[in-house]
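Colleague: Spelled out from the first residue to the last, the chains are:
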Amino acid sequence: MAETILEVTDLVKEFPVRAGLFQHQVATIKAVSGVSLSVDKGETLGIVGESGCGKSTTGRLILRLIPATSGSVKFRGEEVLDQSNRAIRALRRQMQIVFQDPYASLDPRMTVHAIIAEPMVIHRSRRRKAIAKRVKELMELVGLKAEHASRFPHEFSGGQRQRIGIARALALDPELLVLDEPVSALDVSIQAGVVNLLEDLQDELGLSYVFIAHDLSVVRHISDAAAVMYLGKIVEIGPAAQLYERPAHPYTQALLSAVPVPDPRKERARKRIVLTGDVPSPIAPPSGCRFRTRCWKATELCAQEEPALIDRGHGHPSACHYAEVVDVVSA
Amino acid sequence: MNDAPVDIDLELDLSASAGWSGPLLEVRDLSVVFPTDDGQVKAVSNLTFELYDNETLGIVGESGSGKSVTSMAILGLLPSSAIVTGSVKLRGRELLGLSEKSMQPVRGKSIAMVFQDALTALNPVYTVGSQISEAIKVHEDVPDDVVRARVLELLDTVGIPNPARRADQYPHEYSGGMRQRAMIAMTIANEPEVLIADEPTTALDVTIQAQVLEVFGRIQDRTKSSIILITHDLGVVAGVADRVLVMYAGREVELASVDDLFYNPRHPYARGLLASLPRVDGRRDARLNRIAGQPPSLIVIPSGCAFHPRCNDAHLPSPCQTERPELREIDVGHLSACHFAEDLPALSTSELSADEPGDASVG
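Sequences listed follow chains U and L, in order. For the first sequence, position 49 matches number 49 in our numbering, and the numbering has no gaps at all. For the second sequence, position 30 matches number 30 in our numbering, and the numbering has no gaps at all.
Rather than coming from a laboratory, the hints here were simulated on the basis of the structure.
On the chain L side, residues computed to face chain U include the following (Cβ under 10 Å):
#: 1; residue: 213
#: 2; residue: 282
#: 3; residue: 290
#: 4; residue: 295
In this text, a Cβ means the ideal position worked out from N, Cα and C, and glycines have one as well.
Could you put the whole structure together from the sequences, leaning on the hints where they help?
Modeller: Written out as structure tokens, the structure reads:
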């Protein structure tokens, strides 16, 4: 039995919407509504979903970069959410984040050396000489030339910048990395290199990943387990291969069937589930099942009763009253 | 605003096009150079292709490969500092070098463009309905009520619910997918012969992308337009295009039918690109192929074949480093710009298609 490194239970985040002269709270954005998940040591959990489904917020909540409204995040059995600010710093050494935009997440006025060394300086984890040596090691580890340490971010391409971001995240020898859309700003040929690097680092260093992305193909490639989010909730979660080959929730099926496959014959033969309409506002999500307004299976029951995320006899949990396995990818 | 009435040029064009039997759009040796302080940026070099009636041509390439500049050059939308040479013919009529006044009736009427970012392409201070009406009235003198009916019909065609109410709303009241569909409605308002879509679904979520691609299919069935679909997403191309043109460093490296390109690619770059894709239907264990290095700067393009520094199959130094491979036909309708196009090994089935698992162990 693999060791569970991260355990998230009933995580909730609501953002107040304020308006008017006195900034009264007029509404609440329910960004994350009761998310539970766990990550095993050395494994990758992929979180997929469309814009606004709460996947990035979930990632930030796990690291407590934003405070949660309620719920629990346990890292190695230790509660993250009620730690003092001093204690959370120590915890963050073990949990790091890599951001999506390699252009915006690196300070343009710092050299690559300073960027990668900064976490070690802040956390006083090493002496100065040792830091310089470690920066070199890290740069080589992520496939950059150590002699480029004195350069500035603008001198690097997008893929190289993302490698700098990864090196920075690894500086404190973390155990868990939250990767928030780490490859979505990159061209495919460059993306492949970064994905391979992440896989190698995981093998070498025994890292655990929470891999957040909207690209279902990348998530399938890199994840051991995957969770599909819709409007602040996980609708289906399970081993990645099972989720992709035997999706049981209608939203997972629609999402998977919408991903184009680079195979013309298969594409022509595929039947696509085209959802109508757009995602409803998280300020006033639909009653019952949040997906019911766009679901072709929805009935009166869906409006009244929220379906629980439980195993409905398909080997993994899904949150649909009418869950039923349909192969939409290879069919 | 240019509100010149339909000029005589267009009338001539229409009468001339009646008996035209060649390709709808013919691009020959199109080159675009931007002079900059650092040197000349050769954004597009010697691009040649044809677009036929009712056809969808996919143009694929990564950032900086020149695909968007190509579409801007066709429409004459490049800044005056750009040096554009070559020829772009629509039904035999040369478009390059036309005056702004003669180009105006072509744009939007004969060739229309869907841009990537609908939020910046739409004017925030006019209602969506009025922007679509403007697109109609620029080219045609029709009464307001007829225009209004056309607008509602167009919005309905692209799948916008409740068109009568939606037409009076502003772009910010639309979601991302609806804005993109509204822009498509605007571009098809005059039933253009050629629709150029530049990364039309890149900013959209997959389920919304599926909706927009479905709209393209529907309007093509209805208007018989030809579509140039510019994208970096090979999956989108596989499902939508009839033929595919692959660009690298401003040059055309392969042009083939969609099946030939995906099942029998004859240029190392196209092959590398296909093998670098993670697949939603693929096996998890397969390692992604990465193309080593970076795309070149367009100021200093490598000698010989521009792809040679990143190519695993390059014969160095000669000829790949010394001689620029010309685009040549290696099979009927299949063009490749590689010295060794014929010698590249067949791609294993497992890399390309999951249909035949029996061959999965090859390669």
